[in-house]
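Here my numbering is used: position 41 in the sequence shown is 238, and no number is missing along the way.
Treat the hints loosely; a few may be bogus.
Pairs of lysine to any residue, SDA-like flavour, derived with a Cα cap of 20 angstroms [said to hold, decoys possible]:
#, residue 1, residue 2
1, Lys367, Tyr427
2, Lys375, Val438
3, Lys559, Thr286
Here are the in silico distance ranges between beta carbons for each label pair [to be verified]:
#, residue 1, residue 2, range
4, Ser216, Lys475, 50 to 58 angstroms
5, Pro384, Ser504, 35 to 43 angstroms
6, Gln253, Asn439, 34 to 42 angstroms
7, Asn525, Lys266, 23 to 31 angstroms
8, Lys366, Asn319, 40 to 48 angstroms
Hints are computed from structural coordinates only; laboratory data are not their basis. Nothing here was measured: the structure is a model prediction, and the numbers come from that model. The C-beta atom is built at its ideal place from N, Cα and C for all residues, glycine as well.
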Amino acid sequence: MLGVGKFKKTTPILLGILSALMFAELILRFGDIFKPPIHITEQSSLFGFDHIPNSQGVYSSKEFTVNIKINSQGLRDEEINLLKQEGVTRIAVVGDSFIEGLQVPLEVTSTKILQRMLIDANEKVQVINFGVSGFGLDQKYLYIKNRVLKYHPDIVVLFLASNDLDDIKKNNVVFEEKGQLKFRLFPIDSKLVRLTKGILRNLYLANLFFVAMQNNKVNLPNSQLPIEYYLLRGNIPLEDVNYMNIAKKLILLSEEETVSEHSHIILVIGADRLQVDKAKIRILEEKYLKSELNTEFFNSELVSFASENNIEFLDLLPIFKEESLKGNTLYFNYDGHWNETGHRVVAQALVNPILEILERAKIN
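Working from the sequences, and respecting the hints, build out all of it.
Written out as structure tokens, the structure is:
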């Protein structure tokens, strides 16, 4: 009887809480107060995460609102036939959020602009977007090996940036054993956990809580600065030097896999906004680094490495700096990714290197 009494007392309280939560959910869902983040990725034992085929949503911020659609193959692109058309050159662009380009409509991403520019140059081409937000160089290599090459590209464009070293460190997937790189499988949640997450993704209240937790970031003490910030200083902490060496080995492995399939590879070394925007550089110097930056350190290191290993490359930093001096804005102010102008500049920069490869192929 005592248990029944407690149940009778707590039931109204529980019903009240449940009613309040349901009311809050309805207000958020239909009141145009809160827009939940887009959910277009799922766990992958091989890549850590990957696009959910046929997923879609609206990606928005104070600077843009973009309808996003992932195709049936899990790419942010149009439907792609695995077998390429006769006489068509297929170009695969592999990268992270900059290549994926969720901040702009698909038609003005660098891959689509590049395709149009090459067609205008009388080339029969198909450029495929293999960009996935959050991918590090380790995941990009695994993507090339296990996904990209199945599409039989003639050219693979591999995009990397200074934050790739932090991604390698954070992922803890690639490691060295007797001088060789080994890869761990990513852990996957149980079916019950995946089901629970799937339900929570559709609840506005759960999304609001998630966003609040993400925004509650604390400034890092100097000892915990990302490797990317040290690269901007012109050095790498001794304990993190190995991640640069691993990155270089991943580039060589990517080239090896690509060449083994009779494809060409172009290494594109990105230009972070912190390397280009003088106002952002000053803020970073004052807030974290307390010293003058060496914004060219990472790119110079990779340019030298690519040259020494006869890897074709494109360094975006001098191109972006020149555009910035002209007064062109290449990044969204708050989001930090390329805007439409940035995507166009990247596409334009890739045209000549690709045309040169195609011309050599015709001669041979």
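Results for each hint:
For the hint linking Lys367 to Tyr427, the alpha-carbon distance of about 16 angstroms falls within 20 angstroms, and the restraint holds. A hinted pair counts as satisfied when its Cα atoms are at most 20 angstroms apart, and Lys375 with Val438 qualifies at roughly 17 angstroms. Only pairs whose Cα atoms come within 20 angstroms are accepted, and Lys559 paired with Thr286 is accepted, the gap being roughly 12 angstroms. A hinted range of 50 to 58 angstroms holds for the C-beta pair Ser216 and Lys475, which are about 54 angstroms apart.
Judged by the Cβ atoms, the range 35 to 43 angstroms given for Pro384 and Ser504 holds: they are separated by roughly 39 angstroms. For the pair Gln253 and Asn439, the beta carbons lie near 40 angstroms from each other, so the given range of 34 to 42 angstroms is met. Range check, Asn525 to Lys266: about 29 angstroms between beta-carbon atoms, so the 23 to 31 angstroms window is met. Taking 40 to 48 angstroms as the suggested C-beta distance range, the pair Lys366 and Asn319 conforms, at roughly 45 angstroms.
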